[in-house]
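Below are the chains, spelled out letter by letter.
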Amino acid sequence: MTVVAARRRAPFLLVLPGFLLLAGMFVLPVGLLVATSFTDRAGALVHYERILTEPGYLRVVMRTLTLSAETAALCLVLGYPLAYQLNRAKPLARALILLCILIPFWTNLLVRSYGWIVLLNPQGVVNATLRRLGLIEGSLPLVYNTTGVLIGMTQIMLPYMVLPLAAVMSRIDPSVMNAARSLGASPAAAFVKVYVPLTLPGALGGLLLVFMISLGFFVVPAMLGGPRDILLAQLIEFNVNQTLNWPFAGSLSAVLLVSTLVLYWLGDRFLGLRKLWGAE
Amino acid sequence: MRPFGRSLLGIAAAAICVYLILPTLIVVPISFTETDFITFPPQGFSSRWYQAFFERPEWRQALTNSLVVAVATAILSGMLGTMIALGLPKLPPRASRLLAVFFLLPMIVPTIITAVALYAPFAKIGMIATIPGLVLAHTILALPFVVINVAALVQKLDWRIVDAARSLGASPAVAFRKVTLPVLAPGIAAGAIFAFLTSFDEVVVALFISGSGATTLPVQMWSGIRFEISPIVAAASCLLLLGSSLLLALFSLVKRT
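Each protein sequence line maps, in turn, to chains S and Y.
The numbers in my numbering rise by one with no breaks, and the one at position 263 of the first sequence is 381.
The numbers in my numbering rise by one with no breaks, and the one at position 65 of the second sequence is 193.
Note that these hints are calculated values from the structure, not bench results.
Distance condition first, Cα-Cα at most 27 Å in a straight line; then the derived DSS-like pairs of lysine-lysine: (1) S/K393 x Y/K284; (2) Y/K383 x S/K393; (3) Y/K218 x Y/K306.
Using the sequences and the hints given, assemble the complete structure.
Following this line, the structure appears as structure tokens:
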């Protein structure tokens, strides 16, 4: 082999082992899972018809969409002021805020879910404190229902919103705001008309990222949700482990997979999602 | 902004910080309780649940399994990911662009789908409930993080130094070891730390394929939380919190260099 040929071939050889691993042990199995959903004798699309026509399944899909949208919205409401403060804060406060964001981000999901159970259960910290203060008599249903999932999901997704937002905010030139003020805009007007539009890409990217990841979330809904209001990922798990209905699990997986990939493509195309995700 | 607005924003930010950190820190006082149940405020002070964690065979075995799988995953995905990051930019532009997305796929596809999809083929080749099976599955999940971290440094790598080393008589292997590798080392280390944590914390895929033969710590915790709310889970949580905080510190050190 000549040196030139070897040089041309080297990059392919470097990529090959990883490529074979992903192609054979990841892409192919996922493809096969999706393929099983079309193999029913009653017709290729029966399982998809079931999702759309049986009210129980449709409710799961709608609940998943609603909860993911609510999580994304809550993350924006909480993430915006936090990102703003992160950018303005003095070094010490900044470091504290960053720790509050990064330590949970790096901590096992189960630890955080467990922490929420400890806090929110009927005998938990929050209810006990409220009872001691005389604010309630019984206990508030804060966990093992959609409220619990929403509280936990928002906390877990918040870093995905704050970090892109803070990155966008840190790139805003302070003189732009000063210019708006000196041209006669009130602080509120300058904020709404100049600052907010400049942070829009970060906000939209954060919303999309949180929504997309929430759609397929399994651990937090399984830990903090109730047995009656399960989400899409839990329905997939149920069909694999309990009813052993692989074709139906395949069709649900296909719906989730296509939604996720389309959202990712949109985000990557229009919002530079890969950068926001910290992929760069 | 006026002082009033400013302090209001400060209070809001502080409250959000409490919301973020509280469920993580609450496990610390709980884990030192003397009682058999979780109570708040915790009663007494004892390390009995930590003792239980290290003495009970099922928890010890789970911790050992998790450590073995995570270290193996970090090594395997570290090597494969570094090779990919080195090869990608030298491929033809179209292939390079397509493959860059291809190698991110395990990060984008919801883990529940990966877990369900891997079950059947893993069962067919007898990889269910085995350590190698878990390592392989976790390597797939961790690969994107290594590629991302190493690719960031490959981009900055000045190939002229590598060529200079080669033209001065270094063999490709020596040039790689003495020139390329030192430049990429922080990225490889950061990627490997990420890969370790991805594997060590991973629960969904492990729930499906670890079976009873290779139970990992997260799987053990999963059943601990669902079936017995004993404070032993709090002790395990506390140790995990300590571990991930140390890794975070290590990661930021590596990133700074």
